[in-house]
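Student: Sequences listed follow chains A, B, C, D, E, F, G and H, in order.
The opening residue of the first sequence carries number 195 in the working numbering; numbering runs sequentially from there.
The opening residue of the second sequence carries number 195 in the working numbering; numbering runs sequentially from there.
The opening residue of the third sequence carries number 195 in the working numbering; numbering runs sequentially from there.
The opening residue of the fourth sequence carries number 195 in the working numbering; numbering runs sequentially from there.
The opening residue of the fifth sequence carries number 195 in the working numbering; numbering runs sequentially from there.
The opening residue of the sixth sequence carries number 195 in the working numbering; numbering runs sequentially from there.
The opening residue of the seventh sequence carries number 195 in the working numbering; numbering runs sequentially from there.
The opening residue of the eighth sequence carries number 195 in the working numbering; numbering runs sequentially from there.
Any given hint might turn out to be false.
[As the list claims (entries may be wrong)] Just a few of them, taken from the derived set where beta-carbon distance is under 7 Å, the chain G residues facing chain D:
(1) P227
(2) T231
(3) S292
(4) D316
(5) G321
(6) R324
(7) A371
[What the hints assert, rightly or not] Per the computed footprint, the stretches of chain D lying under chain B, defined by three or more beta-carbons under 8 Å from a beta-carbon of chain B, are:
(8) 265-276
(9) 364-377
Hints listed in this document are in silico derivations from the structure and should not be mistaken for laboratory results.
Small disclaimer: the values here were computed from a predicted structure and weren't measured.
A virtual CB, placed ideally from N, CA and C, is assigned to each residue, including glycine.
8 protein chains.
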Amino acid sequence: MTGFSDLGYARVDTDRESRQGLPEVVYGPGKRPEEITGIVTELLARSTGPVLVTRVEPDIAAAVDVPGGSYQETARLLAWRPAPERDFRLCVATAGTSDWPVAAEAEAVATAIGLRAHVIRDVGVAGIHRLLAASDELQQADAVVVVAGMEGALASAVGGLVSCPVIAVPTSTGYGASLEGVTALLAMLTSCAAGLTVVNIDSGFSAAMAAHRLATVARR
Amino acid sequence: MTGFSDLGYARVDTDRESRQGLPEVVYGPGKRPEEITGIVTELLARSTGPVLVTRVEPDIAAAVDVPGGSYQETARLLAWRPAPERDFRLCVATAGTSDWPVAAEAEAVATAIGLRAHVIRDVGVAGIHRLLAASDELQQADAVVVVAGMEGALASAVGGLVSCPVIAVPTSTGYGASLEGVTALLAMLTSCAAGLTVVNIDSGFSAAMAAHRLATVARR
Amino acid sequence: MTGFSDLGYARVDTDRESRQGLPEVVYGPGKRPEEITGIVTELLARSTGPVLVTRVEPDIAAAVDVPGGSYQETARLLAWRPAPERDFRLCVATAGTSDWPVAAEAEAVATAIGLRAHVIRDVGVAGIHRLLAASDELQQADAVVVVAGMEGALASAVGGLVSCPVIAVPTSTGYGASLEGVTALLAMLTSCAAGLTVVNIDSGFSAAMAAHRLATVARR
Amino acid sequence: MTGFSDLGYARVDTDRESRQGLPEVVYGPGKRPEEITGIVTELLARSTGPVLVTRVEPDIAAAVDVPGGSYQETARLLAWRPAPERDFRLCVATAGTSDWPVAAEAEAVATAIGLRAHVIRDVGVAGIHRLLAASDELQQADAVVVVAGMEGALASAVGGLVSCPVIAVPTSTGYGASLEGVTALLAMLTSCAAGLTVVNIDSGFSAAMAAHRLATVARR
Amino acid sequence: MTGFSDLGYARVDTDRESRQGLPEVVYGPGKRPEEITGIVTELLARSTGPVLVTRVEPDIAAAVDVPGGSYQETARLLAWRPAPERDFRLCVATAGTSDWPVAAEAEAVATAIGLRAHVIRDVGVAGIHRLLAASDELQQADAVVVVAGMEGALASAVGGLVSCPVIAVPTSTGYGASLEGVTALLAMLTSCAAGLTVVNIDSGFSAAMAAHRLATVARR
Amino acid sequence: MTGFSDLGYARVDTDRESRQGLPEVVYGPGKRPEEITGIVTELLARSTGPVLVTRVEPDIAAAVDVPGGSYQETARLLAWRPAPERDFRLCVATAGTSDWPVAAEAEAVATAIGLRAHVIRDVGVAGIHRLLAASDELQQADAVVVVAGMEGALASAVGGLVSCPVIAVPTSTGYGASLEGVTALLAMLTSCAAGLTVVNIDSGFSAAMAAHRLATVARR
Amino acid sequence: MTGFSDLGYARVDTDRESRQGLPEVVYGPGKRPEEITGIVTELLARSTGPVLVTRVEPDIAAAVDVPGGSYQETARLLAWRPAPERDFRLCVATAGTSDWPVAAEAEAVATAIGLRAHVIRDVGVAGIHRLLAASDELQQADAVVVVAGMEGALASAVGGLVSCPVIAVPTSTGYGASLEGVTALLAMLTSCAAGLTVVNIDSGFSAAMAAHRLATVARR
Amino acid sequence: MTGFSDLGYARVDTDRESRQGLPEVVYGPGKRPEEITGIVTELLARSTGPVLVTRVEPDIAAAVDVPGGSYQETARLLAWRPAPERDFRLCVATAGTSDWPVAAEAEAVATAIGLRAHVIRDVGVAGIHRLLAASDELQQADAVVVVAGMEGALASAVGGLVSCPVIAVPTSTGYGASLEGVTALLAMLTSCAAGLTVVNIDSGFSAAMAAHRLATVARR
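Generate the whole structure from the sequences, applying the supplied hints.
Tutor: Structure representation (structure tokens):
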């Protein structure tokens with residue numbers, strides 16, 4: 195555990211891929227296009243897997259100068275050298291249409307790192323039959339990512355339906371007492387369905403990376 | 195709107211019954227037994243309906259000296275002159291066994307003020323079929339009180355199943371991120387099920403009184 | 195409880211009308227005009243009642259392409275096929291002029307779903323005689339929606355005057371310690387007037403929908 | 195501004211009386227009886243006005259060894275050498291019976307420092323006619339202290355009725371969303387009645403001292 | 195206490211002047227220029243004292259169409275018919291230059307309602323000698339308004355120096371842990387200097403109105 | 195998904211085992227010994243796997259009357275019919291000795307439901323070499339549970355060392371700014387190490403159940 | 195950086211002394227007397243400097259079985275082998291008598307680790323002349339620890355008087371809006387006096403350890 | 195301690211340099227260019243050391259009219275008459291590239307006031323070997339400033355590696371549960387590494403000034 199490249203503005207962790215099975219993923223906010231260009235170039239040269247930059251706005255993405263990448267605007271993801279798909283089925287379920295950008299990030303990152311991602315949209319508990327109709331799809335997944343804002347009750351409902359790992363992603367969808375996602379976050383952490391796990395608000399990225407860790411174990 | 199009795203330590207609102215259909219309900223905490231005795235005696239003399247004192251601990255209840263009352267320990271309710279039952283069906287649903295004391299208060303107050311209360315216990319969403327099995331019971335109610343702690347998801351699930359008024363009561367059941375009921379409160383306020391209303395944490399009393407207001411309208 | 199239409203970006207709950215007496219109401223934020231167009235078209239085809247989209251900004255409203263709708267800018271409401279008025283008198287009282295947009299949403303939604311809504315503006319407690327002068331109007335209502343920001347004291351004052359259901363809507367009117375509506379929310383939840391119920395901050399929509407549930411019971 | 199007595203465990207501000215018209219008031223919590231005895235003895239020797247110790251529990255009070263003092267248990271106040279009454283009428287109004295201990299502290303401190311204090315109990319806004327019946331009393335005061343917990347709406351109502359200074363004291367009366375007095379505090383700070391001022395939660399002492407500052411000006 | 199004018203969009207409290215010595219002050223935010231014009235015209239016709247509108251942005255101010263008014267941009271205050279100066283000396287002290295806009299509002303409102311306001315700027319406790327040099331000025335005031343952001347320590351320092359009423363106004367000056375003024379607010383409420391009172395964050399208006407209440411008593 | 199037993203005070207979800215591979219786990223707080231006895235008896239009769247009751251105090255545990263159970267005091271766990279060990283290695287790492295009770299619950303529950311749990315205590319980052327010395331142990335695990343209070347930095351450090359799933363459990367260890375575990379919770383949710391997941395404060399139980407979900411996938 | 199002793203219940207960081215100049219300090223809460231005995235014995239054997247255990251209640255202290263230690267009850271500190279005094283003058287200033295226990299911990303720890311600690315008590319800003327009278331003492335210190343609760347203004351005042359490092363320790367002294375020390379903490383972090391640093395609420399220990407780090411630099 | 199210049203809009207503390215070794219530093223936000231020009235001119239005339247203005251946006255900086263200054267855009271710092279470098283080595287370590295602006299402020303201020311500042315970027319704990327590789331650099335510093343957002347774990351890791359003073363600066367880097375820097379702030383305050391000190395969120399300035407205080411002691 196010793197390798198890194200010191201670019202002055204960044205110490206690129208070139209050892210990450212051998213340690214965790216994926217190159218370091220670059221956090222976009224606060225970085226200038228030249229810095230992203232430099233870090234991505236270094237990661238492509240010093241590793242073999244997918245290279246990703248998250249939360250990149252379109253104008254920044256356009257100014258990054260590294261050939262071979264693709265940009266997904268809703269997911270705000272820049273990606274190079276996506277991994278080949280492996281046999282791990284990740285189901286991403288959303289409570290409402292407004293949660294889509296977060297789900298899009300989860301799906302895009304998951305796909306780029308080789309998971310077989312599938313989205314089920316708009317199955318919030320106010321019309322619980324929509325969720326029940328998706329029971330089979332959910333139960334065939336290796337893991338489920340639940341993306342929900344407002345009160346986040348979908349996580350509990352899914353948690354009670356499936357036996358596989360459930361990763362809950364609270365979103366900032368809503369207003370007033372939703373407190374920009376804090377309410378959904380707290381609700382998911384205190385779910386009456388046992389064994390749910392939770393990641394940061396609006397972090398489709400974290401959910402996909404948690405799924406990657408799961409896939410590492412499932413592979414064995 | 196002019197009547198009250200000044201007992202020195204309290205101004206008893208003797209006009210309340212004519213204004214709102216029920217005598218003033220006495221909030222127990224911080225009052226000495228003699229004060230409760232005095233206020234209750236005055237209310238019994240100056241009104242005709244049920245006289246209630248809420249949140250009374252057993253030792254205080256035992257020291258209140260007004261004949262004809264009854265005390266329910268789980269509900270912590272002292273009651274005199276309960277109202278005759280009228281035809282308003284109030285269903286009180288709880289998410290878990292631990293929410294029972296709050297539901298007990300809702301049921302006891304509702305009964306004392308003349309509503310036909312009925313409790314369905316332990317229908318949390320982690321096993322949603324328990325709730326679905328109660329659909330008929332719920333749908334026959336004139337109003338439903340949902341009592342739930344932790345993430346409070348039961349309110350959303352019930353809200354999606356019934357068309358009648360739903361009064362959500364968050365409870366302090368849970369620990370850590372449940373923040374003594376604040377999480378359930380926020381979650382219920384941001385429910386994706388439309389038209390739910392919410393009362394204060396652990397306030398079975400408020401839910402029953404809100405139901406009383408409903409019954410006033412339903413009567414017409 | 196089985197029907198829904200899967201439009202890919204949304205699962206329209208076409209069973210909602212039979213379950214709850216109203217078609218699903220569409221939450222506008224985060225949806226593109228094409229998506230709103232698609233969902234509304236589906237709801238108009240698969241149900242018979244009013245179809246509403248809430249919190250729609252003017253530019254989005256202008257781009258929604260479904261004939262026969264109307265748009266109310268202050269209320270930010272898109273509506274098709276409003277329900278015929280029924281005999282349920284809903285009084286919407288505001289504490290100040292600045293609370294008007296939230297009251298406007300409550301009034302617009304209530305009217306669209308068939309309630310007889312009536313607004314009394316600017317009766318805050320700093321000049322309590324303005325409220326007392328409206329006592330008769332308030333007491334003749336089947337339910338009162340109280341819309342107030344800052345300290346939200348109007349809810350308690352109204353709660354003490356009327357016997358019918360009171361639905362309190364905290365607003366984000368104010369600054370500093372009003373904490374964008376949280377103070378009014380907490381104050382309304384802890385009102386000394388018994389039996390008030392509360393909905394989310396700035397949610398005129400929720401208040402109208404809660405009134406619709408009340409009207410369902412009052413109809414019997 | 196130079197005098198103080200260094201007792202080792204305390205630096206007694208013996209200059210306070212000449213600067214502010216009252217000797218330093220001793221904050222009781224965390225002090226041992228011997229320390230209180232020492233400080234009070236020093237203050238009696240080095241000043242001429244009333245000497246007070248606040249928030250003293252009965253067992254501590256009993257162990258303080260300075261002749262000539264009196265102890266009021268509800269107010270938790272130890273006092274020596276009370277000031278002669280001057281012509282400043284302070285009205286202390288409480289929302290409910292449970293707010294009495296805080297009002298008792300305000301009354302006891304105010305009396306000890308020479309104000310003419312008068313208490314009106316139990317005039318919460320849920321029965322607003324009780325407050326209106328006290329209008330004359332309130333309007334004859336030189337200042338009003340409003341003591342209220344829960345949503346604290348009494349402060350706004352009083353603020354709208356009188357033209358004199360209003361000092362609002364939030365109390366921790368209530369449960370759940372009252373957040374141990376924080377809700378009343380925030381509500382009072384955002385009152386729609388102009389020119390209210392607010393002191394710390396449960397601090398009858400602060401209200402009385404603020405009134406003392408008022409009396410200083412009124413005297414001129 | 196019965197008069198008000200119902201303009202439809204507002205119920206103007208025309209009784210306020212006789213009750214409290216000043217016409218109702220208009221809260222600007224959320225009101226359209228036509229509404230302000232209408233309310234101000236009504237107040238000028240139905241009362242004799244100063245008519246004020248607070249927190250008005252320049253473009254709105256320019257569109258209000260009532261002759262004889264003046265607008266102060268830093269204070270964001272529109273005023274008609276200022277009161278003649280009376281003999282009440284109000285000292286407004288600020289901790290830093292950045293607190294000036296709030297102090298400007300306090301000064302402008304106080305002047306418009308007839309108080310003799312005087313500002314001392316930039317006497318924060320980091321250089322306490324600047325404050326001590328102003329001791330005489332402060333001690334000659336009838337009341338002091340302390341305007342401070344960040345940790346708000348100036349309020350405690352002034353509170354210890356003067357015997358007259360101190361009204362503390364927390365400001366949102368600062369960043370990070372200053373939490374947009376909440377830190378200064380909490381600090382002022384828990385000051386070790388006895389008898390301070392506090393108003394809402396950034397509310398120079400409230401401080402001036404509290405001073406008006408003081409002046410009412412001081413006049414006698 | 196239809197089975198449950200209605201005991202009056204509880205609806206036992208007898209379908210849980212077929213849905214999720216484990217019988218319902220009973221949440222102890224708020225249940226009387228007779229209720230626990232009844233529920234456990236029913237679960238033993240209607241399922242085949244381990245039956246657990248969590249957060250049971252010693253005096254309650256002693257009063258539960260069902261033969262064949264065992265009680266672990268530090269973990270506060272009652273267990274009947276523990277599952278045979280399967281080949282899933284769960285490493286539980288604690289930051290400090292004070293985190294032990296939470297880790298004990300995780301270990302006890304994990305063991306009872308058939309996971310191979312192993313604890314590494316006291317490897318907080320203040321002496322990071324203690325953690326590095328445990329690298330091999332950590333890297334051989336199928337999943338790691340990190341139990342840490344205070345600032346919870348251990349989760350990030352472990353997250354950077356291993357590629358397998360990491361379940362972070364914040365604890366209430368600490369004082370002051372640790373806010374009873376909220377600080378560790380927030381810190382773990384915002385870890386710079388990608389793909390961590392988090393459960394509720396002090397919930398060793400949730401971590402073990404999340405691991406059970408992982409084991410379900412790992413088995414395939 | 196490799197040494198530690200694995201006692202099973204603890205991994206004692208025996209390398210700490212060579213890395214940081216002091217043996218690991220033991221955090222008392224949650225540890226049994228036998229565990230403290232074991233850890234202290236190991237630290238005494240494997241290092242040469244002072245061995246400390248913090249936040250130990252008297253009954254636990256009495257049960258720890260290692261010869262040669264001393265216990266200070268107010269400071270709740272167990273100490274063995276105190277360091278010889280070196281020439282670093284640490285001044286500990288408290289705002290009020292109630293802050294003494296925290297200052298006592300700072301003084302006791304500082305003394306045990308070889309600093310020359312000196313306490314100035316009760317110099318809160320409500321009587322600022324008491325602080326000014328101590329200016330010389332403060333200015334001769336190598337570092338000042340300011341211990342204050344309530345609004346914590348003493349930190350700003352001291353910060354403005356001295357040029358040496360100031361370590362601010364907020365305490366939980368106070369009630370209501372002091373929020374158990376959070377208000378003082380926030381106030382100290384936003385002080386207008388530049389270059390103050392802050393440690394956790396009530397942590398006299400942290401302040402002393404920060405001073406130890408300072409002394410390390412000052413020694414050169 | 196008596197000197198200051200009253201410019202009307204500011205009281206410039208001209209005594210600061212003799213008291214604390216540095217002229218007053220000007221806080222930029224809320225000041226107009228003319229005001230900054232006036233204050234800086236006065237400080238240059240009345241003192242001999244470096245004159246700094248912090249948090250100045252480029253357009254304001256361009257409008258300040260005082261010859262001889264320099265502006266650093268990332269640090270938002272205006273500086274005149276920088277101090278000669280003295281022998282105090284300050285190491286500024288950042289967790290990620292996004293923390294750079296805060297580190298830039300720390301470095302720029304430190305350099306301007308004569309410290310020998312050196313930055314190590316991007317050594318977050320997710321790849322702890324990057325930090326360990328910098329151990330020697332860190333251990334040779336006289337003090338370390340740790341700049342980190344998200345969970346702020348770098349502070350604990352550095353605190354465990356070095357014996358010199360550590361000043362932790364939480365940043366607002368991150369989203370969701372990072373709560374704009376509050377999470378990093380709380381985490382740093384509760385670090386398991388002893389003797390860390392903390393300054394306000396995003397305040398590179400405060401860290402540099404705290405280092406200046408350290409250097410004052412180290413000089414002796």
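Student: Determine for every hint whether it applies to the structure shown.
Tutor: Structure-based check of each hint:
no.: 1; hint: P227; in the structure: 28 Å, violated
no.: 2; hint: T231; in the structure: 32 Å, violated
no.: 3; hint: S292; in the structure: 3 Å, holds
no.: 4; hint: D316; in the structure: 4 Å, holds
no.: 5; hint: G321; in the structure: 4 Å, holds
no.: 6; hint: R324; in the structure: 5 Å, holds
no.: 7; hint: A371; in the structure: 5 Å, holds
no.: 8; hint: 265-276; in the structure: violated (count 0)
no.: 9; hint: 364-377; in the structure: holds (count 5)
Checked against the numbered hints listed earlier, the structure breaks hints 1, 2, 8; every other hint is satisfied.
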